[in-house]
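With the sequences and hints as input, model every part of the structure.
Protein sequences, first through last, are from chains A, B and C.
Just so you know, the first sequence maps onto residues 130 to 421 in this note's numbering.
Just so you know, the second sequence maps onto residues 301 to 716 in this note's numbering.
Just so you know, the third sequence maps onto residues 89 to 386 in this note's numbering.
Since the hints were derived computationally from the structure, they do not count as laboratory data.
Some hints here could point you the wrong way.
What the hints assert, rightly or not - Far from chain C by the CB rule (all over 12 Å, computed), these chain A residues:
hint: 1; residue: Pro-182
hint: 2; residue: Lys-196
hint: 3; residue: Tyr-198
hint: 4; residue: Trp-200
hint: 5; residue: Phe-203
hint: 6; residue: Pro-211
hint: 7; residue: Gly-213
hint: 8; residue: Val-221
hint: 9; residue: Ala-238
hint: 10; residue: Pro-335
As the list claims (entries may be wrong) - Now the stretches of chain A that chain B is said to cover, found in silico as 3 or more residues with beta-carbon under 8 Å:
hint: 11; region: 277-283
hint: 12; region: 311-318
From a predicted model like this one, the values you see are computed outputs, not experimental measurements.
Each residue gets a CB set at the ideal place from its N, CA and C atoms; glycine is no exception.
This is what each chain is made of:
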Amino acid sequence: MTITQINKKRKTSRKKRSKNSRIKSVSLSLTGIIVAFLFIFPYVTMLSTALKPKSDITDMPPTYFPKIYEWGNFIKVFQEIPFGMYMRNTLVISIATMIIGIIVAVPAAYYVARNNFRLRTPFLLLVLITQMFSPTSLLIGIYRELSIFNLVNTYQGLILVNVSFNLAFSVWILSSFFKSIPVEIEEAAFIDGASRFQTFRKISLPLAAPGIVTTAIFTFIAAWNEYVVAYTLASSPEKQPFSVGLSLLTGLYEVKWNFLFAGSLIAIIPIIILFISIEKYLVGGLTAGSVK
Amino acid sequence: MLKRKLSLLSTAAVISLGASLALPLSSAQAEDVTLKLVMASYTDDMLPYYTDLITRFEAANAGIKVDLDVVAWPEIGQKVKTLIASGQSPDIVNNDEFAGEAADGLLYPANKIVSAATLKDIIPAFRDNSKYNGVEYAVPDLASARAFFYNKTILKGAGVTKPPATWTELKAAAIKIKAKYPDVYPLGLPLGVEEGQAEFTVWGGGNGGRLYNAKTKKYTIDTKEYLETLTFLKGLVDSKLTQPNPGKTNRTDGAWSLFAKGKVAMVNGGVFLPDWLSKNGGEKIKWGASAFPHAPGKTDITLGVQDYFKGYKANGRETEIRKFLDFIFVPANYAGFLKAAGGFIPATKSAGKLAESDPIIGPYIKLLPKAIFYPGTVGSWSACKADIVTQMGTAMLNPKKALTNIQKKCDAANAG
Amino acid sequence: MSTKTFKKGSSFRSLPWIGPALLLIFIFVLWPVVELFLVSFREISVSGLIKGWAGTENYKALLDNSDLSGTLRRTAIWLVVVVTLTMALSLPLAQLMNANFRGRRFLRYSVIVPWAASLVITATSWKWILDPYFGIVTRIIVDLRIAEEPVDLLGDPRTSFIVLLAVGITVSLPFTSYVLLAGLQAIPKEIMEASLVDGASAWKGYWAITFPLLRPAFLVAAVINSVYVFNSFPIIWVMTKGGPAYETDTTTTFAYKVAFRDQDIGQSASLAVGNFFVILIFIMLFLKLSKWKELDQR
Numbered sequence: 130m131t132i133t134q135i136n137k138k139r140k141t142s143r144k145k146r147s148k149n150s151r152i153k154s155v156s157l158s159l160t161g162i163i164v165a166f167l168f169i170f171p172y173v174t175m176l177s178t179a180l181k182p183k184s185d186i187t188d189m190p191p192t193y194f195p196k197i198y199e200w201g202n203f204i205k206v207f208q209e210i211p212f213g214m215y216m217r218n219t220l221v222i223s224i225a226t227m228i229i230g231i232i233v234a235v236p237a238a239y240y241v242a243r244n245n246f247r248l249r250t251p252f253l254l255l256v257l258i259t260q261m262f263s264p265t266s267l268l269i270g271i272y273r274e275l276s277i278f279n280l281v282n283t284y285q286g287l288i289l290v291n292v293s294f295n296l297a298f299s300v301w302i303l304s305s306f307f308k309s310i311p312v313e314i315e316e317a318a319f320i321d322g323a324s325r326f327q328t329f330r331k332i333s334l335p336l337a338a339p340g341i342v343t344t345a346i347f348t349f350i351a352a353w354n355e356y357v358v359a360y361t362l363a364s365s366p367e368k369q370p371f372s373v374g375l376s377l378l379t380g381l382y383e384v385k386w387n388f389l390f391a392g393s394l395i396a397i398i399p400i401i402i403l404f405i406s407i408e409k410y411l412v413g414g415l416t417a418g419s420v421k
Numbered sequence: 301m302l303k304r305k306l307s308l309l310s311t312a313a314v315i316s317l318g319a320s321l322a323l324p325l326s327s328a329q330a331e332d333v334t335l336k337l338v339m340a341s342y343t344d345d346m347l348p349y350y351t352d353l354i355t356r357f358e359a360a361n362a363g364i365k366v367d368l369d370v371v372a373w374p375e376i377g378q379k380v381k382t383l384i385a386s387g388q389s390p391d392i393v394n395n396d397e398f399a400g401e402a403a404d405g406l407l408y409p410a411n412k413i414v415s416a417a418t419l420k421d422i423i424p425a426f427r428d429n430s431k432y433n434g435v436e437y438a439v440p441d442l443a444s445a446r447a448f449f450y451n452k453t454i455l456k457g458a459g460v461t462k463p464p465a466t467w468t469e470l471k472a473a474a475i476k477i478k479a480k481y482p483d484v485y486p487l488g489l490p491l492g493v494e495e496g497q498a499e500f501t502v503w504g505g506g507n508g509g510r511l512y513n514a515k516t517k518k519y520t521i522d523t524k525e526y527l528e529t530l531t532f533l534k535g536l537v538d539s540k541l542t543q544p545n546p547g548k549t550n551r552t553d554g555a556w557s558l559f560a561k562g563k564v565a566m567v568n569g570g571v572f573l574p575d576w577l578s579k580n581g582g583e584k585i586k587w588g589a590s591a592f593p594h595a596p597g598k599t600d601i602t603l604g605v606q607d608y609f610k611g612y613k614a615n616g617r618e619t620e621i622r623k624f625l626d627f628i629f630v631p632a633n634y635a636g637f638l639k640a641a642g643g644f645i646p647a648t649k650s651a652g653k654l655a656e657s658d659p660i661i662g663p664y665i666k667l668l669p670k671a672i673f674y675p676g677t678v679g680s681w682s683a684c685k686a687d688i689v690t691q692m693g694t695a696m697l698n699p700k701k702a703l704t705n706i707q708k709k710c711d712a713a714n715a716g
Numbered sequence: 089m090s091t092k093t094f095k096k097g098s099s100f101r102s103l104p105w106i107g108p109a110l111l112l113i114f115i116f117v118l119w120p121v122v123e124l125f126l127v128s129f130r131e132i133s134v135s136g137l138i139k140g141w142a143g144t145e146n147y148k149a150l151l152d153n154s155d156l157s158g159t160l161r162r163t164a165i166w167l168v169v170v171v172t173l174t175m176a177l178s179l180p181l182a183q184l185m186n187a188n189f190r191g192r193r194f195l196r197y198s199v200i201v202p203w204a205a206s207l208v209i210t211a212t213s214w215k216w217i218l219d220p221y222f223g224i225v226t227r228i229i230v231d232l233r234i235a236e237e238p239v240d241l242l243g244d245p246r247t248s249f250i251v252l253l254a255v256g257i258t259v260s261l262p263f264t265s266y267v268l269l270a271g272l273q274a275i276p277k278e279i280m281e282a283s284l285v286d287g288a289s290a291w292k293g294y295w296a297i298t299f300p301l302l303r304p305a306f307l308v309a310a311v312i313n314s315v316y317v318f319n320s321f322p323i324i325w326v327m328t329k330g331g332p333a334y335e336t337d338t339t340t341t342f343a344y345k346v347a348f349r350d351q352d353i354g355q356s357a358s359l360a361v362g363n364f365f366v367i368l369i370f371i372m373l374f375l376k377l378s379k380w381k382e383l384d385q386r
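If you want it as structure tokens, here you go:
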């Protein structure tokens, strides 16, 4: 089918469409909202539980909505469970992962985007393999190795593992950003007598800023949500991020579900907002090199 | 010029990497001797108890700092393991197993970590349970015995005049309760991961089953006794005389919670259950405790469980460990320990004498001669226990298969 | 490669730029692989001490493990069902996310939520929703008179794995449908609209025109998804710990249990070595499907 044929067909059907378009858009909206609700259902339940007073949690049968709305739960969670400590640990780990990750990934991505060198293909292949291996599959190896380095149950161990396993994605997305900057701009600066590093710093780096921010946020989120490595390596509460701390709470004899979920919401809402803010870059990045 | 800046950049990255690698090494060199404790959380009162104890201990022993970690039961085993594997061995641990670590040569013998006087005060039967290859490697901290708890109001209302003593009476009572109170589960059966091995041991014990044969040094789990036991329990489950899905139900968040709400009429409890009930909304329940129902023609038993203090060799803190443990066993401190732990049987003769007159704990001390214990002195017990717990998850669907699997895995652990 | 300015340089010169990244990958990704292989041939005691070489004992113990075959079967089901249904459902979902209607933004943002929210928290909330006594699902089932008694969907081995599959699908959908959405947005509007002209031919048009254009994105998403799903740990671990017994274990949770519950690190490592080769297969598939090298040269 050629484009003209397609256009013709489109014109003839325009009338019919406008007749049905209202019904169609209403039914689409309805479907959309139902589907959307299916996705956020668990989080809505969380919110409803987080707002219940303690006495309502173990109602039999349970109530759909709180009888009294206890907004204070969002503050009490810091006293009831060591939530402040979990959040501090998560912040330390995520911020350090993000910073080290960017420092390591940016030069590598830039170099790979701009240079052809013998190690290039092996390096890219290595990066790709890294992306495929999750720490879950190598858990025993990581555990044994970090034992040798005395890095079990330390921030450093968690940070370095997080950085390493997120490098692949960072390098991919950053190099595609650097590649999208026209080489001519850099050449002009080069001709003006700037050194290669100056060109990189003064021209390429600012131009790639959106990409770097996106990568940084994504790395931050990945480290924020990381669970398996921390679950295995962070054995004391002083080192556990919220993902581990909260999951361990459900193993205790009296689970304070309302506080647990108040804490969970505090932990995930900023991340959801961050995620939405990088939504449009993310999709391109995740499939860099595969979806054009 | 360019090259230099570049290498600066990468050196910076490498240095920050190196620095982060080096940190844990340098932070270990403190001036004071630090004693690292990993203690079981019997109740929420343990943390305040230890915090107070440590403050007083540090004041009395200049130069010793105590680093405390109070850990929930489901996590403590793996935590200790992780610490040991990562070269961060604790100095003192309080939990429920010692033989595996004793076999690996990680532990000080008991006579090195408490004074002779303290050791002499420990009840001899408990000391016997603390030996690996004839040497005492752990100091018992407390013990518990189980009893069969029932809701007096419900039993009376259903026309059950005395607590069931045999399996036959148990089933009859359960049927009566179910008929009278359809929304009550007659028997709470928590075979979940929290304490599945306790249910298995106690019910099987009432039919003459014993987990381990000390003479042949073999586990005896895939036996007629245990098969009959599981088949009997399966019968109760299938007739809906227990709560649904015993394989996932835990003691505290399942069976006991329902007992506290009056939704379960009979449950395996212990010396510690009254304390738990009073703290978890079950203070109004009128409970009674009796001996466990046993199989017809067999005798009743109770399950005795003892926990331990252990001292680890890795950091060479023998003297400090002894100072701290002797401090815990100072009678006033030890009384506080028992109180915080929530109503257990004392491990010392002196505290035991006092407890004999206690209305709640006293009867259990008298039960102790009937107690069977886990084979805690066998090196492979912790691995075997883990497998019993796991297999209990489906034991009510296929008892024979579960027993075969447990036997196989425990044998493998025993051999390896 | 459009580099005119920079000549093919020596690899040595690249080291300051890619060196740190290489170093991290070697130390924290490749070293654990080597460690894993070594441990799988070691004899390790219950408390984690190396006792010596074990030859192939760990592998023999693994093959002899009575719960291995069930775990392998479930892993295959887990992988095939979650990936297939995710792919199948994400096609219409992406289409919906791409359609023009009021509330589209709400839909798109809602789909992002399970992707952004930590898997642990999502799984924890499902565990609570499905709690037999206090969970909302019990209430719904009783209110709808489907059953009179509390149902324990996670505790019953007949239903627990099915529930996990369903949750696994809902958390895999966001990524896949976003990839497909990106693919859809890259298709020129004229082609799209033509293929959706009227009811009768819409379906045909979709398969004839839209889908072929979407295929590269679809295939790559399928492979990446497979890797994620295969490695998935938090969902099963948080909701059932692979239980009751081993009834909901896949190889990842099983390996964890063998290592840390049964305390047999050697045997667990031998299973992880097996997992390693499965992932290698996925990498080969990815390389073949994505033609990554050609695309990289664009």
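Cross-check of the supplied hints:
1. Pro-182: Holds: least Cβ distance 14 Å, greater than 12 Å.
2. Lys-196: About 14 Å separates A/Lys-196 from the closest Cβ of chain C, which puts it past 12 Å; holds.
3. Tyr-198: Check passes; 17 Å lies beyond 12 Å.
4. Trp-200: holds (19 Å)
5. Phe-203: Consistent with the label, A/Phe-203 stays out of reach of chain C, its closest Cβ about 15 Å off (over 12 Å).
6. Pro-211: holds (17 Å)
7. Gly-213: holds (17 Å)
8. Val-221: holds (17 Å)
9. Ala-238: It is violated; A/Ala-238 is separated from chain C by about 9 Å at its closest Cβ, not greater than 12 Å.
10. Pro-335: holds (19 Å)
11. 277-283: holds (count 6)
12. 311-318: It is violated: at least three residues are needed, and the region 311-318 of chain A offers just 0 whose Cβ sits closer than 8 Å to chain B.
The structure is inconsistent with the numbered hints 9 and 12, although it conforms to all the rest.
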